[in-house]
Structure formats: structure tokens, C-alpha cells
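S.K.: The primary structure of each chain is shown beneath.
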Amino acid sequence: MTAATIFVGILMVISGILAIESKKLLDSFIFLSLLSLLSVFLFIVLKAPDVAITEASVGAGLVTAVLILALRKIGGDEK
Amino acid sequence: MRRFLSALIALGLIIILLEFLNLIPDFGNVDLSKRVSNSFINKSVDGNNETIEFKKSKDLEDGSANVVTSIVVNYRSFDTLGEVTVLFTAALGVGLILKGLRRKRFYREPNFILKTANGILLPLIFLFGAYIFIHGHLTPGGGFPGGTIIAAGILVLYLSNEKFELSHRAKILESGMGTVYVLFGLVGLILSGIFLRNFLPTGVIGELFSAGIVPLIYVAIGFKVGAELSNLISEFQKEGQQ
Amino acid sequence: MIYYISIILIGIGVYGLLSQKNLFKHLISLALIDTAINLFIVSTGYINGKEAPIYSEFTPIANFVDPLPQALVLTAIVIGVGVLALGAAMLIKIKEKYGTLNVEEIRRGDK
Amino acid sequence: MISLMIAIPLLFAFVSIVFKGLAKYALPFIVLLNILILLIASTPVVENIGGWKAPFGISLVLDDASYYVVLVVNLIFLLLSLIPQIIDKGYDTIILLLLTSTNGLVLTGDLFNSFVFIEITAAAAYILAYHRNNPYGAFKYLIIGGISGSFYLLGTIFSYVGAGSLNMAHISNNSFGQLTAAIAILFILGLGVEAKLFPLAGWVPDVYASGSSLTPTILGTAITFAIMYLTGRIFITVLHGTFLDVLYILGLLTVIVGEVAALRQDKLLRALAYSSIAQAGLVVAAISLNNIDSLTGAYFHSMNDLTAKFILFPIATVVIKGFEKDRLAGFAFSVASFSLIGFPLFAGFRSKLLIISSAFSAGNYILPAVLFFASIVEAAYLLKWNIKLWFEKSDTSNNIPWNLKTIVLVLSILLLIIGIYPDLYLDASRKIAQSILDTQGYINSVLGGI
Amino acid sequence: MSQLLLILFIGSFLVYLLTRMNWIIGVLANIGLAIYSFYRLFTFKVGTSESIFSLIVNQNGTLVYSELSKFFGIISLIVAISVYFFLINWLEKQKNRAVFNFFLALITASTLGVFFSGDLLTLYIFWEIMLLFSVLLVQMGKEDSKKAALNYLTISLIGSYMYLYAVFMLWNRYGTLVIKDIVQKISVETSIFKWAVLILIAAAGIAKSGIFPLHTWLRTTQGSSPDAFSAILAGQLEKLGAYMLVLTVAVFPSLKMFPVLYGGIPVFNYVLIVLGMISILIGTLMAIKQNDMKMLIAYSTVSNSGYILIGLATMDKIGFAGGLFHAFNHAIASVMIFLSFAAVIYRTKTSKIDEMGGLIWKMPLTFITYLVGIISLAGIPPMSGFISKWMIFVVLVKKGMFLTAAAAFIGSVGSFLYVFRPLAGVFLGQLKSKHKDVKEVPIFMLIPMLVLVVITVFFGVIPGPVLNMITAVEKELNIQPLEHTMTVIKSSVGQWNTLTVFTMFAVGFIIAFILYMVFPKAKRIPLTNQYTAGEFLYNYDLYHYSTRFYAFFERLYEKHPSVEKLYEMFGKFFKDIGEFLNRWFYSASPSAYLLWFSIVLLAIFWVRW
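Protein chains in written order, with our numbering: chain A, 1 to 79; chain B, 80 to 321; chain C, 322 to 432; chain D, 433 to 882; chain E, 883 to 1491.
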């Protein structure tokens, strides 16, 4: 379990950095979503299934949807 | 340069927070008996001393098997009311802010697969969402994820059907369910003089019909969150008035 | 362990807020910090060898991790989403008003 | 009963999105109901929401401090409801939500609950900040507000980890050594942004000076006062005065910076926003002296400040052409400015006097000097604006609505009365101060003498 | 006394309402109030004290009536009454008459309040009321009076807040603010405390009376405030500063508090004397340069305040009396001068010296007022102004303070130069064509001016009544009283008999007049012929120049350092900081906000962990 946790943690850190540093905003959203999904895994490890479900639906799903919709309204990526 | 400095400051922040970590118990070594949640788990806030067993214990102070739910909707129900209010405020605010926006609705001719799958998937999505918030007091989940899943269904509708517009009833539902939540609290106030007091029998822990007002409130929250988030999505989708 | 992950993520979020010039990235960083803090909060309630706080067939008797932080995090997640949606709506308006989301260009436009 | 003060406005807020326009008409009655509830309540009242007793559930605490703060907040909302012209369509519900959250913020005896209410307040404030198409200012506020909210949450969690509970009284009853310092740091960062302290709160001028009269009028009065109460409550009652010296330094910095930055503003609203910052800094600095007189002075000053700001902000947004045809509004404006500067016979003088004398008797010689410096600068720019507005040539009046005119006039006369006979405000602020300093009494009344 | 103050404060509201109805009635009511309080000043018994409202817990405000309050009260009421009389005609041209009158009444009331105050905080309150309303009055003047008012406000507030700081230092130390009690306790304090308190208290007086470092407001304020109000400012409000200086040097026993430095003068007083000396020099030199006649007299006020301060600070029986007497004389003389200027401006609508000339035949009575005023101000024998200056000189010589005496002498000589400039520029010389139709001012404006002339001449001949009051003050303050009779002032270096001097002057005048009558008169020629040597003058043009009158002299100190510029620099510095903060902090991006946020976190952590 610990190894898996560390691995997921490293993935999270990487996706966090990518979410911030990626050139295209859409990529950022995807990485943010990925980070949320990875955190869902950690929530399950932490024995928090309620939080995991909420994070999966809200954090990974809804947040990404809202961000993408907003991006579309703005008129796509700039840079 | 800017990045380097930013990284330096972020590093400083990390160091400070790590320093703070020394002050709290190590990971996984929490003494639960010193915390109030011990009473939440044993449902002993009002002085119950018996151990609780699934599907056996009856008429507890709080009847939901999911302890998180019991905290969210019963012990700290007031927080949840506030939380619903934040979401409500946000949805309202998005509506106010995006009012009069001069942009066209984002629409792309939907994929054939999306269109077809929509017909089959949508009822399932709604059903799943409803299941989640109805069983919120028994299984993981509850009103918030349930509502979000329903809203996701609405999003799929938006994406697959160009004519689709959320009707005004969603607003009424949102408003009504919020009102129901507060009214539950007020009924408690009238019956026992205490706001948000559970006034229904709690039943046997683990049964579907148990836990007093908890599932009812969760259903209300589920609908409210679903309607609210749908509204939010539709605000982002809507064409602005020219 | 998870403490460290969440703190590093907070650091990354702060780094993002400090270093990026696109306002959208700021919002993303904020969401990132939210997630990280939620992770941290849940991990303060974790106890080695205990189960998820739900009475069920598998855990009929209480042997649970601390459920309160989880309940708090539920609230915090939803609040985070609300703020995020507001921020996204404002970004749309900023784009409409200034024609850009770049901090420096907005500043130039303001003067 | 006191939960009704939160529940009723919330109920109407929920209902009002279906029945449009309801909120505007309901607001005065709701506020009156709140005030009625306050009048029949006798302190201290502790209401455990859901019937769960103190350290476990969420308790609403109506002791002397929160009583008067809630009363003041509701009176402000009452005044606001009497000038419905400045509330645009759709924003009436936001005002109701703000009323809910401010009441909750003050009444709650639970840290996480206060976080939730701060977030509601902040969310409503972001929307208000946006009012009159000010998206960038609002967005900046949102980002820094979000960060500070996160830090507040972290502080709450650390308190929970330390004390095993979220109840303020329970936390105050436990002592946890070095962890207190960490919590205090986090709360300084969390509250500092809302309390407009200098290096933390850069958002204020852009939000206050957006051109809306609603935004600064409500954020600069009711919300500020509630936040000041919360600052005192958390740092003095709950944390027993830990890290007050940091708050003190930040407060002094805020005073100086706010006044100096106001000096060169060519927009009146922005100057007033800076004045608001400076006054907030003064109040925080006075709170951080942590004795009965300075706290009394701080809350007294805060009340004077909000009274004056309730006059200044609406008039400043409405008046463009000077006071030549609106003499009454001009009179109110001038009285409010003089009170802010602290000329004798005006209310602000009394509170500044109290702060100074308490600072001296605490052996603090720096705060008075800074206060005097601030007063000089404040006098310079406020009088500049007064003179400018009084002598602006204009043939037409500014069309100030009659109800706004009446309210500002009444408030300005109130300021004059307070200047001569301050007991009305002084008693209230003394009660607030006593009750905030009385940690043991608070713990006893909430935990029932555990 | 509280009764009188209450009447005055309520009366001023009444004045406001009356002026709104009919402004002449308002002015009359104002005069009535002033005369009533003048009468009441003589009915109060010296030494009575009353308590009024309390501001700090357990601390009642007290009013005390002393010889000092009586003396200053009489000065300020004489000034007030004469200016109010002047207003009967003058106010016609002022905008917002009701407010003008209202503020004037409030200022008089609060000025009396200051003189009556028995404790430091009550004094402060009346002081601030006076300040606020005088600022509001100043800005009712010319276009640049708005800026001047702010300048005045800022510098006065610096003074009064320094004062308040000292008040609270004393309050914190003794728990009382009653002047009498504090005075008894303070002499045994540590010297740092004494220095701090007294310097801070003196700052208020220095700012108000226009002594050196805080004198910069006088030029613009007096220059641009409403003309009649300039008289009040010079005659009434600046004497508040003198009162405050008396408080610092004499009521607080500086002799007991500080070691004696030189010639029996305590160190603290010596510092004040140096400041006074600098004020005399600056005031004189700058007055010579001014083109605006009001600004010119404003600088002369600086130098005269310097004389007053020097006189008071010597703490000698003659010097102190000289200081007080000079305060009296300067009040009367400056009111005369400003009223005559107001009269001139009332008719000509300008205050620039080079735009006027030859008004002597058009406004002879105004000219006489001005002439007597400047004679008194410059200290030329038959008028009372000379006596006070003489007394100050005597003490300086006696104490061997030759540097100061030299400065005072330069000031006196300089004052001849600068008072002559408006005399020549405004009243003598060639009449400007646009002023051909100028008439003498209406009667109610003349009456106060001429009454003041009479007062000045009278006290120049018989200074006894004033000196009686002054010796009473001296007795009260434990200074050896001045030895004098009605017309003779005795000092260790000789005595001055005013009557003899006046008789000598009168005889000389009569002899000159007889000679003028007896000897054949020169042929009277038109003024313009003087310029053209008898040539016929085709066009009536300007031949009389009064700009750069003392250009040769001014050139000597053209590049002088200026405190005014220094203050402007400070102001600009603060404004720049404000702009910087506004630009780079408050209008910055979210990143910058967070940057500061993190810096605070790091700083707290760094310092406190």
C-alpha cells in the first residue's frame, strides 16, 4: 500500500506541476482532473469513501466541466 | 527569474507547513478518544454507553449507518445548511455575473454515438444519482455527489441536444428544496424548541427507512444540488441576450 | 506520507499562483490548493488499521477512522466548487471587458 | 430562538429566486424580526443546533459581545433596506444571504461553522464586488479570498487536531503549547485578508471603488464590524492573546499605508476605500493591545467608523456635481468626515481619545503617534474633498433620493449626539469588550461549567 | 463662565439663523454677543473655577478664570468687536454670509473657551473647534485659499496633535489634567520627560503663532483668506499661539524645571528664544520680498510673533511684560492694517501692490489707519508698539544677549522697509486709471478702523491700564511685577516716560506745522509732471513702478533655503509613496497579493518561530 501511495503521490505532484505549467489551458484542465482522480485514490486509501465519491463527481467531473464550459465561452485557448 | 523566485517562496511555505507538521500527531497515530468524533461514532453524545451493532441497535440518537452522513446531516447539519447556501450563492452569482453576456452558445454537432448513448445512459445516470443520495445514510455518497451526478446527466443532455434548455422548474426545485431543508429545521424548532432537531424515530441502524430526518434531508439536498448545478451549467451554456 | 504529498501540492499551487500570468491558471492553482488541503484534512483523521466509518455487513462494530475531518472535507469540497464557478464566470467577464486574460495586458489596458 | 436570525433570512433567500422581488420587500421585515428576537432575548443564550450539546454539535452563542454586534449588523441592514434604490435587481437575494452569513458569523461558537459562514460572506462579497461590471477587481478578491479561506480552514483543522473539537469554548479551554502559535499564524493570514490588514489585503480599493454604492456601503460597514468582532473573539477569547503583537504591527502598518495611499487619490471613492483600510488597521491595532479600555475604544471606533462610512460611501457614489444644490447631503458628508478625522464634538474624537488613553496607560507610546500622524493625513485629504465638493459649481442637483438623504442626515445627527453624549455607543462597545475579554465566562456559558 | 460659553455657542446658532433671514441683523447679533461677553469678562472674579462635562472617566473638564485669561480675552474681544463692526458693510460682498457669520461666532466662542480652560484637554477641545472652523473660514476666500486652508490645517494639526500627545503623557503620569496640579508636580520629573512634554506643548503655540519651523502656513493662509478674516486670524487666532507660549514658559515653571543657561534664562526658554530670533529674521527678510500686501503683513506677523516669544521667554519682569504688551499691540496693529487692506480690496478688488497706487486722496481715512498701524507695528515712538519693543530691547541688553538683540534690531530696521512698501505702492504714487472712481469705504467700515487708531494712540501715550493688567498677570505667575505708573515704565537701565515722549513729538509736529504754514509754499504740480519734467503728457500711462521695490536688497538672498520647499518636498514624498503603494501594491495582480501574503507568513515565521 505504501509503495502505491508513494507512486500515486509522485504522479499527483507531476500532474500538479503539469497542470500549472502546460501551455494549453485544456491540458491544464485535464491534468487538474487527473490530479483529482488520483486524490480519489488517496481518499480511498485513507478510508474515506464518502469524500472519494464526492471528489470524483465534484472535483474531477463538475470542476472540469465548469472550467471547460468557461473556456469555450471565452473562445478557446489563448496560447 | 519570476519562476525561480516563486519556487523559492513556495519552498519556504512548504518548509513552514512541514514545521507545523511536527506539532500534530504523526500520520495514522491519532488518539480518537480525545476527539469529539469518538462520540459521533458510538452515537453517545447524549450519553449512550452501549456498543453499536449493525442492523441490531435500535432507537439510537442518530440512526444512520454511515457515520460521515450522520455528522454531515445530523450532528453538524448547520454546516451543511451553510454549504448548501454557498453553492446557492455561487449559482445565483454566476447567473448575475453572466447576465447580458454577448456570446453565442457553444454548440457542436453532437456525435452519433453520444446521441444514441444518451437515450440509454441518461435514465441510468439519473437513477444512479438518485440511488446515491437516497442511500446516503447507509453507503458512501449522499446528496452532494448524487446531485452532481444528476447535473452531469443534464450536461450530457445539453451536449447531445441542441434544442435543450433547462426549464424554469429547475429553479423552483432548487428554491423549494432549500426551503424544505430550512423548514425541516423549523419544524424541529417548533416541535422541540431546537433548530434542526431530529423529530422522527431513528429506527434500526442500517435499514433503508431509518435515521429519522437524515435521509429526507439528504434527498432534499440531492435534488437541490442537482438543480443548482444544472442551473449553473445552463448559465454557462445559455446564449446571452443580445 | 500523505501529509507530505498534500503540503507539496499546496506549495505547487502557491507556485502556480505566483509564477503564472494567465488568470485561468490562477483559478486552476486555487483549485489545486483546495484539493491539497482537503487531502491534508482527511489525512489528519486517518488511523492505522481502522476501517471506513460506515456500519455495514463488513464492519458491524465500530472500528473506524475519524469521520469528522471527512465530513468537514465534504463541506469544503462543495464550497471550493462554488468559489471556482464564481471565478470562472468572472473570467468570462474579464475576457469580455479586457479582451485578454493575461495579467500584464490587463494592467496595460487599465491605465 | 436565535437560530431564527439565520434561518429566516435564508428561507426567504431560497424562496426569493422563484418569487422575484420578494427579497427587496421582505428585507426590512426580516431585519425587524431579527431585532425583535434580539430585544426579547436575554444574554447569555447558548443554542445547540440539533440538540447536540456543546463540544459535540454546533452552538450558537449570544453573549453580550455577539448580542451587540448582531444588533449593530442588523441595524445596518435595516438602514440598507430603507434605501432600496441602490440595490440592483437580483442583488437583493445576495443581500439576504449576506445578512444570513453575517449573523451566522457573529453568532456561531464553532470554528468550522465560522469558516462556512466566512465563505458564504466571501462568496456574496465576490458577487457584490462584481456589481457594476468590475470583474477584475472581483476576481482578484476571489483569488486572495480563496487562499485566505484555505488558511483559515487549515487553522481550524489544526485547532481540531489539538483540542479534539471545533467548539471555540472547548478549544479555548484546552492549551496546546506551540501549536497555538501555528494556529494563530494561520488565523492571522485567514482573517487578515478580510480585516483589510496591509500586506494581506490588496483587494480593497479595487473592490470598494468599483462605482457601486452598494458594495462599499455594506462591505465597509456591517461585514467589517463582524470581522472585527471575530478577530477579537478568536485571538483574545479563543487563543488567549497569542501573536497579538504581530497583529499590532500589521495594524499599525495598515494605518500608515492606508492613509498615505489615500493622499494622492483623485477619485473620492478610492480615497474613502483607503480610509476604510486605515481605520480597520487602527481598530485591529487597538484590539491587539488586549485590555478593556483599548478594546472598548476599538469597537467604539469601529462603530463610529461604520456610521460615518454609511454616510460617506453612498453619497460619494451619488454626488458628482458637488453639494451646491444638496446642502443637507453635504452637511451629512462633512459631519461624517469630521468625525472620521476626530475633531472634538464629533463621535470619532471620543473613540480616538479612548484608544489613545488606553494605549498610554498600557505604556504604548507608538500607537498614539501613528494615530496622530494618520489623523493629520486623513484630515488633509478628507477636508480637501469636502472643500472641493462644497465649492464645485453646479446648477443642477445630484438627484439624491429623499430616503438616502434622510438616512444620512439622521446618521450625521447621530454622530453629533455621540460626540457629546457617547454613552449610547460606549456602553455597547464596553459590553462587547468585557465579554470578549471574559474568556472564563464564555467557556462556562457555552460548556455549562465543565 | 460655562454659562457665557453656552450662551455664545447657542448664540452662534442663533446668529446663523438670523443671518439667513437678514444678514445685517445677523452681524448685529454677532456684535451684541461679543459686546456682552466683553462686559462679562469684567464681571467674573479672578480665580473662580467651574467644572464642565467630563471626557475621560473620573476627569471633569474645568474652567478657570485667571488674569491671563482676562488679558487675552480682552485682546481677542477687542479684535472681534472691531472686525464685526467692519462686517456690517463688508459682508455684503461675501458669499455664504450665514455660514461666515456662524463660523466667526463659533471661533470667538471657542477662543474664549481656550482662555478659560483650566485643564489641558478642555483647552484642546476648544482649540480644535477653533481650528476646524477657522479652516472652513479660510477656504471661503480667493481661489487658492482652498490649498492654503489645507496647508494651514495640516500644520496646525501637527502642532495640536503634538500637544495632545503631551497631554496624554501627563495624564498617564499623573492621572490628572488640571494645569494647576500638573504644574506643581512636574518640576521634579526626569529631564527627558520634561523636555518632551514642554516641547510638544510649545509646538501647538509655535504652529499657531507662526514661529520658525511651523510658520509656512501664514503666507498663503493670510494671503488668500477672506480679507476681514485675515484680521481675525492675525489679531485673534495667532494670539492663541501667544497664550500657549505663555502657558509653556510661565505657567509651567520653566525657571524651576530647567537649569539656567545664560543670563538667568532656562535652557528650554533659550531654545525658544533662538527660534524666535530665527522667526524675526525670516519674517523680516521674506516680508521685504512680497508683492501681495496681505502676504507681506503675514510675514511681518512671523517676525512679530518672534518678538513676542523672545519677550515671554526671557522670564524677566520687563521682558515678559514686553512680550505680553507686544501681543496686545500687535493684535491691534495687525487688525488695523488688515482692515485697511480689506477696505482697499473692497474698493479695488486686488491685493497686489503693483496694481495699485495713489489711493491716499481717494481713501484718506483708510490711509491714516494704515499709517498708524504700521507706525505701531514698526515700533516708532509715539505709538504703543514702540513701548513693547523697547521693553524687549531693554531686557535683551540687560541680559547681555547681544546676538538676539542684533536680530531684533535688524527686524526693526527691516520692518521700516517692508511697511513702507505698501504705503508707497498702494497709497502714494500714481493713481491707476482703473481706480479713478474709487471712493472712501462706507462709514461702518471706517468706525472700527478709526476707533482702533484712537486706541493705539491712547495706549501709546498712557499705557498704564494695559500695564496694570500685565502686572496682575505677572503677579499671578510669580514673576516680579513690572514697576510702572500710568505713563512711566521703570527699568534698571533707565525709564521711559511716554507722556514726555508724546509731548516732545507733539511739540515737534506743531513746530513743523507752523513752519509749514509760515514759509512760502512750493508750487503745486500735478503728479504726472514729476515723471516727465514738465513735458506735456499725451497719454495717462503708468509711470510709477512699485514692483521689485527692494530689488537691490533682495538680490542678496535670492537663493535662500526655504522651509516651505522642504515641507512641500515632504508632502510630495508622502504622495509619491502613496502613489507607489497604490500602483504597485493595491492595484497589483493576484500574484502580487499572494506574494505579499507569503512574505508576511515567512516574516512571521522567521521572526517568531
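Because the hints were derived from the structure by calculation, they are not lab data.
All C-beta atoms, glycine included, are put in the ideal place defined by N, C-alpha and C.
There could be a bad hint or two in this list.
[As the list claims (entries may be wrong)] Covered stretches of chain E, as calculated for chain D (at least 3 residues, CB under 8 angstroms):
no., stretch
1, 1051–1064
2, 1465–1471
[Stated by the list, open to error] Here are the simulated lysine-lysine pairs, BS3-like style, with alpha carbons at most 27 angstroms apart:
no., chain 1, residue 1, chain 2, residue 2
3, E, K977, E, K927
4, D, K753, E, K1441
5, E, K1454, E, K1441
6, A, K23, C, K342
7, E, K1029, D, K825
8, D, K757, E, K1024
9, E, K1441, D, K816
10, C, K418, B, K317
11, B, K113, C, K418
12, D, K820, E, K1028
13, E, K1028, D, K816
14, A, K23, C, K371
15, D, K816, E, K1454
16, D, K521, B, K250
17, D, K820, E, K1024
S.K.: Evaluate each hint against the coordinates.
M.R.: Here is what the structure says about each hint:
Closer than 8 angstroms: that is the beta-carbon criterion, and the stretch 1051–1064 of chain E has 3 residues meeting it against chain D, so the requirement of 3 holds. Coverage of a stretch by a chain is defined here by at least three residues with a beta carbon nearer than 8 angstroms to that chain's beta carbons; for the stretch 1465–1471 of chain E and chain D the count is 5, and the condition holds. Using a Cα cut-off of 27 angstroms, the hinted pair E:K977 and E:K927 is violated, with the two alpha carbons roughly 41 angstroms apart. Our distance criterion of 27 angstroms between C-alpha atoms is broken by D:K753 and E:K1441, whose separation comes to about 43 angstroms.
Taking the CA atoms of E:K1454 and E:K1441, the gap is about 21 angstroms. The hint holds against a cut of 27 angstroms. Taking the CA atoms of A:K23 and C:K342, the gap is near 12 angstroms; set against the 27 angstroms cutoff, the hint holds. Distance restraint check for E:K1029 and D:K825: the Cα-Cα separation of roughly 17 angstroms lies within the 27 angstroms cut-off, and the hinted pair is therefore satisfied. A threshold of 27 angstroms between alpha carbons decides the hint, and for D:K757 with E:K1024 the separation of about 21 angstroms falls inside it, so the pair holds.
With a CA separation close to 32 angstroms, the supplied pair E:K1441 and D:K816 exceeds the 27 angstroms bound. A threshold of 27 angstroms between alpha carbons decides the hint, and for C:K418 with B:K317 the separation of about 19 angstroms falls inside it, so the pair holds. In summary, the hint linking B:K113 to C:K418 is not supported, as the alpha carbons are separated by about 54 angstroms, beyond the 27 angstroms threshold. Taken as a hint, the D:K820 and E:K1028 pair is honoured in the structure, with Cα atoms around 8 angstroms apart against an allowance of 27 angstroms.
Note on E:K1028 and D:K816: the hinted pairing holds, with a Cα-Cα distance of about 8 angstroms set against a maximum of 27 angstroms. This hinted pair does not check out: A:K23 and C:K371 have alpha carbons roughly 43 angstroms apart, beyond 27 angstroms. A hinted pair counts as satisfied when its Cα atoms are at most 27 angstroms apart, and D:K816 with E:K1454 qualifies at roughly 16 angstroms. Taken as a hint, the D:K521 and B:K250 pair is honoured in the structure, with Cα atoms around 17 angstroms apart against an allowance of 27 angstroms.
For the hint pairing D:K820 with E:K1024, the CA-to-CA distance comes to about 14 angstroms; that is within 27 angstroms, so the pair holds.
In this structure, the hints that do not hold are numbers 3, 4, 9, 11, 14, in rising order.
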